[in-house]
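Going down the list, the sequences are from chains A and B.
In terms of our numbering, the first sequence is residues 1 to 115.
In terms of our numbering, the second sequence is residues 1 to 137.
Be aware that one or more of the hints could be misleading.
As the list claims (entries may be wrong) - Simulated pairs of lysine-lysine, DSS-like, Cα-Cα distance not exceeding 30 Å: (1) K131/B to K2/B; (2) K2/B to K84/A; (3) K86/A to K113/B; (4) K73/A to K96/B; (5) K131/B to K86/A; (6) K137/B to K84/A; (7) K62/B to K41/A; (8) K126/B to K27/B; (9) K113/B to K131/B; (10) K96/B to K86/A; (11) K27/B to K41/A; (12) K67/B to K41/A; (13) K96/B to K27/B; (14) K73/A to K5/A; (15) K38/B to K67/B; (16) K67/B to K73/A; (17) K113/B to K27/B; (18) K112/B to K86/A; (19) K38/B to K41/A; (20) K126/B to K137/B; (21) K2/B to K62/B; (22) K41/A to K96/B; (23) K126/B to K73/A; (24) K86/A to K126/B; (25) K96/B to K84/A; (26) K73/B to K86/A; (27) K41/A to K73/B; (28) K27/B to K86/A; (29) K62/B to K96/B; (30) K2/B to K27/B; (31) K131/B to K41/A; (32) K5/A to K126/B; (33) K96/B to K2/B; (34) K137/B to K96/B; (35) K113/B to K41/A; (36) K41/A to K126/B; (37) K84/A to K27/B; (38) K86/A to K62/B; (39) K38/B to K84/A.
Everything labelled a hint here was simulated from the structure, so no lab data went into it.
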Amino acid sequence: MTLEKVKGILQADVLVGSDLSYEVYSAYGSDLMSDVLAFVKNHVLLLTGLINPQVIRTAEMMDIHAIVFVRGKQPTEDIIELAKQKNMIILTTTHSLYTSCGLLYTHGLMGEERV
Amino acid sequence: MKLHYYVDGDAFISAGEASSEVKNVLKQLGIDPAIIRKIAISMYEAEMNMVLHANGGEIDVKVTPEKINIILKDQGPGIPDIELAMQEGFSTADQKIRDLGFGAGMGLPNIKKYSDELQIQSEVGKGTEVKITVWLK
Numbered sequence: 001m002t003l004e005k006v007k008g009i010l011q012a013d014v015l016v017g018s019d020l021s022y023e024v025y026s027a028y029g030s031d032l033m034s035d036v037l038a039f040v041k042n043h044v045l046l047l048t049g050l051i052n053p054q055v056i057r058t059a060e061m062m063d064i065h066a067i068v069f070v071r072g073k074q075p076t077e078d079i080i081e082l083a084k085q086k087n088m089i090i091l092t093t094t095h096s097l098y099t100s101c102g103l104l105y106t107h108g109l110m111g112e113e114r115v
Numbered sequence: 001m002k003l004h005y006y007v008d009g010d011a012f013i014s015a016g017e018a019s020s021e022v023k024n025v026l027k028q029l030g031i032d033p034a035i036i037r038k039i040a041i042s043m044y045e046a047e048m049n050m051v052l053h054a055n056g057g058e059i060d061v062k063v064t065p066e067k068i069n070i071i072l073k074d075q076g077p078g079i080p081d082i083e084l085a086m087q088e089g090f091s092t093a094d095q096k097i098r099d100l101g102f103g104a105g106m107g108l109p110n111i112k113k114y115s116d117e118l119q120i121q122s123e124v125g126k127g128t129e130v131k132i133t134v135w136l137k
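Bound conformation, chain A alone (with noise of 0.2 Å):
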C-alpha cells in the first residue's frame, strides 16, 4: 500500500515527507519502543501514539521509513527535525491507534505475521 493511500484511509496529515509513493507492505501498532524493539522483522510502518524523539530513533534502528502519529498527536519541532535529517515520512491523523489499525487492516494493509 503506498502512503498516498494510508493518507486517503486515515484522513492523515503528512508532516515530514514529501514522496507518498513510498509502499509498504504490513504495520504495527504499538506506544511502546520496546516491543517494537524486540518483535518488528520488517520494514514495516508503524503507528503509535507516543510522541518522542526515541520514536524516531527506534524507527531508524529498525529501517522503518513512515510512521504515522495518532490520537491527533503532534510531535515536537525536534522530533520534526529528526525525522527530517533521517529522511522519513510522518503521518498524523485524529483516529485513535485501534481505528487507525482497523482502517488500514480492512483496505489490505495486514500485521506482519499475515504477510
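Dock chain B against the given chain A, drawing on the hints supplied.
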C-alpha cells in the same frame, strides 16, 4: 577501526546518537544490511539502558574484518541478578521510563537475540559492563 562515544545520561533527546553514528559508519563500510540491523538494534537497546538506568556512560566500538565488538561501560546502580534481568518481561523500570515507551523488560533479551555473543559483568553500586559481539563472517 575504533570508535569512542560518551553517552549523556541526562539527554533523552540525544540518546541513541552513538548507535545512529555507528549504523552510518557500518553502512559506509559496505557491511551487509542484515548484519548492520543486528548491531544497530543491540547497540541501541544497550545505549538506551545506559541512559534510562545508569545515567550514561562510555561506549567503545571496534570493527575488524572478522567481527564488531561493542563495549558499554557505565557507573550506574549495577544489576543484582543478571540471570533474572535476562528474563523476558523482567523490568526494574519506573513509570517515568515506561511513559517514554521503554522498560518492558525486553531490552537485555533482545540484545542477546540480535548479538552473536553477549557478556555482562556488573557490580551493585559500581556499574555494569556489557560486551556485544557480532561476527561479520
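Evaluated hints:
Of the pairs offered as hints, the one joining K131/B and K2/B holds, with about 15 Å between alpha carbons and a cut-off of 30 Å not exceeded. Distance restraint check for K2/B and K84/A: the Cα-Cα separation of roughly 29 Å lies within the 30 Å cut-off, and the hinted pair is therefore satisfied. Straight-line distance between C-alpha atoms of K86/A and K113/B comes to about 26 Å, which keeps the hinted pair within the 30 Å bound. About 19 Å separates the Cα atoms of K73/A and K96/B, which keeps this hinted pair within 30 Å; it holds.
Restraint check: the Cα-Cα separation between K131/B and K86/A comes to about 28 Å, which is no more than 30 Å; the hinted pair holds. With a C-alpha separation of about 34 Å, the suggested pair K137/B and K84/A falls outside the 30 Å cut-off, and the hint is violated. A distance of roughly 26 Å separates the Cα atoms of K62/B and K41/A; the hinted pair therefore holds under the 30 Å criterion. Taking the CA atoms of K126/B and K27/B, the gap is near 35 Å; set against the 30 Å cutoff, the hint is violated.
Of the pairs offered as hints, the one joining K113/B and K131/B holds, with about 14 Å between alpha carbons and a cut-off of 30 Å not exceeded. The hinted pair formed by K96/B and K86/A meets the criterion: a straight-line CA distance of about 27 Å does not exceed 30 Å. A hinted pair counts as satisfied when its Cα atoms are at most 30 Å apart, and K27/B with K41/A qualifies at roughly 19 Å. Pair hint K67/B plus K41/A holds up; C-alpha atoms about 23 Å apart against a cutoff of 30 Å.
Taking the CA atoms of K96/B and K27/B, the gap is near 34 Å; set against the 30 Å cutoff, the hint is violated. With a CA separation close to 21 Å, the supplied pair K73/A and K5/A stays within the 30 Å bound. Of the supplied pair hints, the one linking K38/B and K67/B holds, its CA atoms being roughly 12 Å apart against a limit of 30 Å. Under the criterion of a C-alpha separation no larger than 30 Å, the hint pairing K67/B with K73/A is inconsistent with the structure, at around 42 Å.
Our distance criterion of 30 Å between C-alpha atoms is met by K113/B and K27/B, whose separation comes to about 21 Å. For the hint pairing K112/B with K86/A, the CA-to-CA distance comes to about 27 Å; that is within 30 Å, so the pair holds. Between K38/B and K41/A the CA atoms are separated by roughly 11 Å; this keeps the pair inside 30 Å, and the hint holds. At roughly 35 Å between alpha-carbon atoms, K126/B and K137/B are farther apart than 30 Å, so this suggested pair is violated.
Only pairs whose Cα atoms come within 30 Å are accepted, and K2/B paired with K62/B is accepted, the gap being roughly 5 Å. For the proposed pair K41/A and K96/B, the alpha carbon gap of about 27 Å is at most 30 Å, so the pair holds. Note on K126/B and K73/A: the hinted pairing is violated, with a Cα-Cα distance of about 40 Å set against a maximum of 30 Å. Using a Cα cut-off of 30 Å, the hinted pair K86/A and K126/B is violated, with the two alpha carbons roughly 36 Å apart.
Taken as a hint, the K96/B and K84/A pair is honoured in the structure, with Cα atoms around 27 Å apart against an allowance of 30 Å. A hinted pair counts as satisfied when its Cα atoms are at most 30 Å apart, and K73/B with K86/A qualifies at roughly 28 Å. For the suggested pair K41/A and K73/B, the alpha carbons sit about 29 Å apart, so the restraint of at most 30 Å is met. Among the hinted pairs, K27/B with K86/A is consistent with the structure: their alpha-carbon atoms are about 14 Å apart, no more than 30 Å.
Straight-line distance between C-alpha atoms of K62/B and K96/B comes to about 33 Å, which puts the hinted pair past the 30 Å bound. Restraint check: the Cα-Cα separation between K2/B and K27/B comes to about 15 Å, which is no more than 30 Å; the hinted pair holds. The suggested pairing of K131/B with K41/A holds, with an alpha-carbon distance near 24 Å, which does not exceed 30 Å. With a CA separation close to 53 Å, the supplied pair K5/A and K126/B exceeds the 30 Å bound.
Using a Cα cut-off of 30 Å, the hinted pair K96/B and K2/B is violated, with the two alpha carbons roughly 34 Å apart. Restraint check: the Cα-Cα separation between K137/B and K96/B comes to about 40 Å, which exceeds 30 Å; the hinted pair is violated. A C-alpha spacing of about 13 Å is found between K113/B and K41/A, which places the hinted pair at or below 30 Å, so the restraint holds. Under the criterion of a C-alpha separation no larger than 30 Å, the hint pairing K41/A with K126/B is inconsistent with the structure, at around 36 Å.
With a C-alpha separation of about 19 Å, the suggested pair K84/A and K27/B falls inside the 30 Å cut-off, and the hint holds. Under the criterion of a C-alpha separation no larger than 30 Å, the hint pairing K86/A with K62/B is consistent with the structure, at around 25 Å. In summary, the hint linking K38/B to K84/A is supported, as the alpha carbons are separated by about 24 Å, within the 30 Å threshold.
Comparing the model with each numbered hint stated earlier shows that hints 6, 8, 13, 16, 20, 23, 24, 29, 32, 33, 34 and 36 do not hold.
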